[in-house]
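Chemist: Chain by chain, the residues run as shown.
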Amino acid sequence: MQPLLAVEGLTRRFTRGGHTFSAVDDVSFQILPGETLALAGSSGSGKSTVARLVMRLLRPDAGRINFEGRDLFGLSASDLRAARARFQMVFQDSTAAFNPRATVARALDDPFRIHGLGGRADRPHMIAQLLEQVGLSPDLARRAIHEISGGQRQRVALARAMATNPSLIVLDEALSAVDSSLRIELLRLLLDLQARRNVAYLFISHDLALVRAIAHRVVILDAGRIVETGPATRVIDAPQSPTTRALVAAVPRLRGAEGK
Amino acid sequence: MKLVRRLVATPEGIAGVVLLGLLGLAALLAPVLFPRDPLSIAGPAMLPPFRNWSLPLGTDRLGRDVLAGIVHGARTSLAVGLTAATAALTVGAIIGTAAGFAGGLIDELLMRITDAFQTVPGFLLALALVSVVGPSLTVVVLAIAMGAWPGPARVARAEVLSLRERDFVAAARTIGMRPLEIAYREILPNALPPVLALSSVIVAAAILIEAALSFLGLGDPNRVTWGGMLAEGRTVLRAAPSLSIFPGIALVLAVLGVYLVGEGTVEAAAMKRRFL
Amino acid sequence: MTPLLSVRGLSVQYRHGNETVAALNDISFDLAPGERLAIIGESGSGKSTLALALGGLLPVGSTVSGQILWPALGRQPSNGSDIGFVFQDPSGSLDPLMQVGDQIVEVLRANQHMRGADAKTRALQLIDRVALPEAAVIAASYPHQLSGGQRQRVAIACAIAAGPKFLIADEATSALDTVIQAEIMRLIEKLVREEGLALIFITHDIALASSIGERIVVLHEGRMIEMGRPETIISHPVQNYTRRLVSSYIALDASPMVRPLADALATGAQ
Numbered sequence: 001m002q003p004l005l006a007v008e009g010l011t012r013r014f015t016r017g018g019h020t021f022s023a024v025d026d027v028s029f030q031i032l033p034g035e036t037l038a039l040a041g042s043s044g045s046g047k048s049t050v051a052r053l054v055m056r057l058l059r060p061d062a063g064r065i066n067f068e069g070r071d072l073f074g075l076s077a078s079d080l081r082a083a084r085a086r087f088q089m090v091f092q093d094s095t096a097a098f099n100p101r102a103t104v105a106r107a108l109d110d111p112f113r114i115h116g117l118g119g120r121a122d123r124p125h126m127i128a129q130l131l132e133q134v135g136l137s138p139d140l141a142r143r144a145i146h147e148i149s150g151g152q153r154q155r156v157a158l159a160r161a162m163a164t165n166p167s168l169i170v171l172d173e174a175l176s177a178v179d180s181s182l183r184i185e186l187l188r189l190l191l192d193l194q195a196r197r198n199v200a201y202l203f204i205s206h207d208l209a210l211v212r213a214i215a216h217r218v219v220i221l222d223a224g225r226i227v228e229t230g231p232a233t234r235v236i237d238a239p240q241s242p243t244t245r246a247l248v249a250a251v252p253r254l255r256g257a258e259g260k
Numbered sequence: 261m262k263l264v265r266r267l268v269a270t271p272e273g274i275a276g277v278v279l280l281g282l283l284g285l286a287a288l289l290a291p292v293l294f295p296r297d298p299l300s301i302a303g304p305a306m307l308p309p310f311r312n313w314s315l316p317l318g319t320d321r322l323g324r325d326v327l328a329g330i331v332h333g334a335r336t337s338l339a340v341g342l343t344a345a346t347a348a349l350t351v352g353a354i355i356g357t358a359a360g361f362a363g364g365l366i367d368e369l370l371m372r373i374t375d376a377f378q379t380v381p382g383f384l385l386a387l388a389l390v391s392v393v394g395p396s397l398t399v400v401v402l403a404i405a406m407g408a409w410p411g412p413a414r415v416a417r418a419e420v421l422s423l424r425e426r427d428f429v430a431a432a433r434t435i436g437m438r439p440l441e442i443a444y445r446e447i448l449p450n451a452l453p454p455v456l457a458l459s460s461v462i463v464a465a466a467i468l469i470e471a472a473l474s475f476l477g478l479g480d481p482n483r484v485t486w487g488g489m490l491a492e493g494r495t496v497l498r499a500a501p502s503l504s505i506f507p508g509i510a511l512v513l514a515v516l517g518v519y520l521v522g523e524g525t526v527e528a529a530a531m532k533r534r535f536l
Numbered sequence: 537m538t539p540l541l542s543v544r545g546l547s548v549q550y551r552h553g554n555e556t557v558a559a560l561n562d563i564s565f566d567l568a569p570g571e572r573l574a575i576i577g578e579s580g581s582g583k584s585t586l587a588l589a590l591g592g593l594l595p596v597g598s599t600v601s602g603q604i605l606w607p608a609l610g611r612q613p614s615n616g617s618d619i620g621f622v623f624q625d626p627s628g629s630l631d632p633l634m635q636v637g638d639q640i641v642e643v644l645r646a647n648q649h650m651r652g653a654d655a656k657t658r659a660l661q662l663i664d665r666v667a668l669p670e671a672a673v674i675a676a677s678y679p680h681q682l683s684g685g686q687r688q689r690v691a692i693a694c695a696i697a698a699g700p701k702f703l704i705a706d707e708a709t710s711a712l713d714t715v716i717q718a719e720i721m722r723l724i725e726k727l728v729r730e731e732g733l734a735l736i737f738i739t740h741d742i743a744l745a746s747s748i749g750e751r752i753v754v755l756h757e758g759r760m761i762e763m764g765r766p767e768t769i770i771s772h773p774v775q776n777y778t779r780r781l782v783s784s785y786i787a788l789d790a791s792p793m794v795r796p797l798a799d800a801l802a803t804g805a806q
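Those protein sequence lines, which keep their order, are chains A, B and C.
Okay, so the first sequence: first residue is 1 according to the working numbering, each after it adds one.
Okay, so the second sequence: first residue is 261 according to the working numbering, each after it adds one.
Okay, so the third sequence: first residue is 537 according to the working numbering, each after it adds one.
By construction, these hints were calculated from the structure, which means they are not laboratory data.
Computed from a predicted model, the values in this text were never measured in an experiment.
For glycine and all other residues, C-beta sits at the position ideal for the given N, C-alpha and C.
Please note that a few of the clues may not be correct.
Covered stretches of chain B (chain A as the covering partner; in silico rule of three or more C-beta atoms under 8 angstroms from a C-beta of chain A) [to be verified]: (1) 422-434; (2) 437-449.
Cβ-Cβ distance ranges computed for the label pairs, FRET-style [to be verified]: (3) B/Leu369 / C/Gly652: 35 to 45 angstroms; (4) C/Arg765 / A/Pro124: 51 to 61 angstroms; (5) B/Thr379 / A/Asp139: 35 to 45 angstroms; (6) A/Ser28 / B/Ala457: 33 to 43 angstroms; (7) B/Pro381 / C/Leu593: 16 to 26 angstroms; (8) B/Gly281 / C/Pro595: 24 to 34 angstroms; (9) C/Ala787 / A/His125: 39 to 49 angstroms.
Let's have the full structure, built from the sequences with the hints guiding it.
Modeler: Structure, rendered in structure tokens:
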């Protein structure tokens with residue numbers, strides 16, 4: 001089956017304080033339609049840079065990114081704009097990811113409007129439906145983004161990403177800033193949406209417990225390079241590389257739980 | 261608006277709003293309160309103030325009503341002040357946003373143009389334009405705006421430079437928003453608050469520049485202006501100081517009112533942060 | 537033993553425009569010297585308000601009722617020399633324009649009136665204490681030159697510099713990735729144990745709370761709804777909310793939630 005996303009030899013360097021370093025160094029991976037690939041590593045491993053490269057917010061110094069069979073960096077500006085409906089992103093900080101002056105309705109209206117989905121009269125109804133699909137009440141549409149809770153805001157961010165029915169969503173530490181008690185609900189929501197819409201996820205996280213719960217496969221990054229890859233449960237239950245072992249060991253354990 | 265409510269909760273805000281409110285009301289009601297042309301002769305020349313109830317502030321050298329002059333002058337001053345400031349802020353915000361968002365060569369070019377306008381003192385620029393083109397209200401407004409837009413432009417550009425790196429701008433790009441829409445619909449409205457903070461300074465400066473131009477005889481000759489009244493009063497300063505004092509006080513009150521509203525707004529904005 | 541801290545019926549209200557919001561409602565607990573208490577709550581539960589109240593850092597316009605007593609101290613505590621604070625955002629608690637060594641010196645100067653060479657030496661010792669290698673290099677660095685984990689270690693050094701007997705950590709590891717978080721947790725545990733500090737560790741993560749706390753307090757919507765030892769609370773939660781908190785923990789050996797890809801392709805795909 002043709003991969004939805006094929007990343008080959010991706011490299012990106014940055015210069016900071018006089019010296020140059022590779023944030024991403026020769027990274028290659030593929031995502032199949034409907035699959036969840038996790039990109040895991042600690043901070044500085046390059047995973048967020050990979051996310052921004054995949055979303056075409058940054059240009060690579062080397063490598064190719066093929067999305068739905070087309071070279072992402074070979075697209076013209078207008079082709080890219082149209083293609084963007086097919087791949088979307090959810091950011092870590094839900095407060096920073098929205099225009100501070102926006103309402104929920106306006107934030108969700110933007111993707112519909114930009115890609116010409118539905119006429120003006122239809123859009124309030126489409127927005128209401130979208131909110132329901134992420135488990136929120138349609139009444140929330142009227143509220144200002146900064147007024148709603150963090151968990152609700154991240155659901156709105158997910159709704160915004162789903163508005164154009166993309167085939168790939170990049171989740172860049174999307175659960176890291178959410179209270180741990182709310183993460184499991186968001187995971188269930190993500191899995192539910194995946195089952196219904198067959199959307200693939202690039203799930204970026206430093207928390208291997210989350211990765212193991214939601215991902216089919218995982219790629220472990222360290223200092224911009226891939227150090228291990230494979231099915232999520234296998235890699236995490238039997239880690240080979242020291243980086244993976246450190247990440248597994250760092251997951252907080254619940255003391256006092258029965259049988260543990 | 262919540263900001264307005266908070267504004268009138270501060271002492272500066274109340275004082276400023278009252279002051280400007282009175283002046284604004286006077287300006288609006290000028291044709292009602294003083295339907296006769298203020299440049300027409302209303303009574304005996306050089307009548308001292310507080311003698312005659314129909315001419316409370318007296319008359320000038322030609323017998324024109326001083327109070328009518330003050331009230332009609334308010335129209336000119338406030339109109340020029342507000343229009344010039346609006347023009348300067350609008351032009352400055354648009355150019356500053358373009359420079360900050362586009363970066364590179366466009367940024368360089370726009371900033372050098374801003375430098376050029378900024379190095380010439382605002383008053384001299386206005387003087388030059390009015391001398392060349394001719395004195396009319398429109399030209400005066402344009403002249404003042406030409407000198408005042410660089411300030412807002414720089415402030416807008418600085419805000420945009422920092423806003424440009426924020427996640428919500430990246431999010432707008434990932435949704436497929438066009439750059440022009442991102443710059444003017446997402447970024448500019450969020451860059452405005454510090455730009456608007458300059459407004460009171462610009463309004464005050466505009467009022468004073470207009471008064472100075474009128475004082476030099478370069479204002480609109482068909483209108484009564486406080487500056488013009490000051491110029492007239494100068495020739496009889498010893499004999500009738502009130503002819504200079506009253507328009508002077510009017511100028512002070514107008515600028516003070518604008519300043520107090522500005523300070524009150526800053527206070528009100530700071531208050532908001534304290535409770536969040 | 538005389539408790540270090542005794543909170544009795546503490547309630548805090550904020551005034552927000554015309555409304556009054558109750559952030560904390562009738563909080564009561566004791567803290568013994570050297571004891572480690574973990575306070576677990578979601579955003580909006582009032583946990584940060586509690587930290588601020590204990591340090592006398594509540595904003596203007598808050599109404600406080602109830603008592604915060606310090607029996608073992610016998611007087612009102614002073615921040616720095618009696619209580620050390622570690623906050624969530626390491627960039628927020630450090631002055632961006634000052635070298636970090638100087639910031640530690642400032643704490644020493646303000647609280648222990650140490651000066652000059654003595655203060656500098658002590659600052660270097662403290663940087664060592666928080667397990668940062670090459671103390672001199674770190675001391676000469678500005679906050680933006682350090683990583684998140686390094687900054688948080690410096691913040692901890694500032695917190696313990698004046699020798700307080702009590703540390704309040706409010707979401708001290710929430711902004712860090714799991715590997716750094718584990719290191720900082722180990723550091724806090726080690727320092728608290730070696731210096732005999734009492735600790736209040738505030739978090740939204742029940743696993744962290746259970747690993748560091750000798751006792752756990754569960755905060756929900758401003759109220760204390762449950763308190764007890766981690767083992768008890770986790771194996772036998774009484775309140776529904778506590779039960780929900782415990783069941784929201786994602787264990788590494790639980791069965792994955794995701795469906796195998798082949799299934800998904802067979803059933804869901806177009």
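Chemist: I'd like to know which numbered hints this structure contradicts. Please list them from smallest to largest.
Modeler: 3, 5, 6, 7
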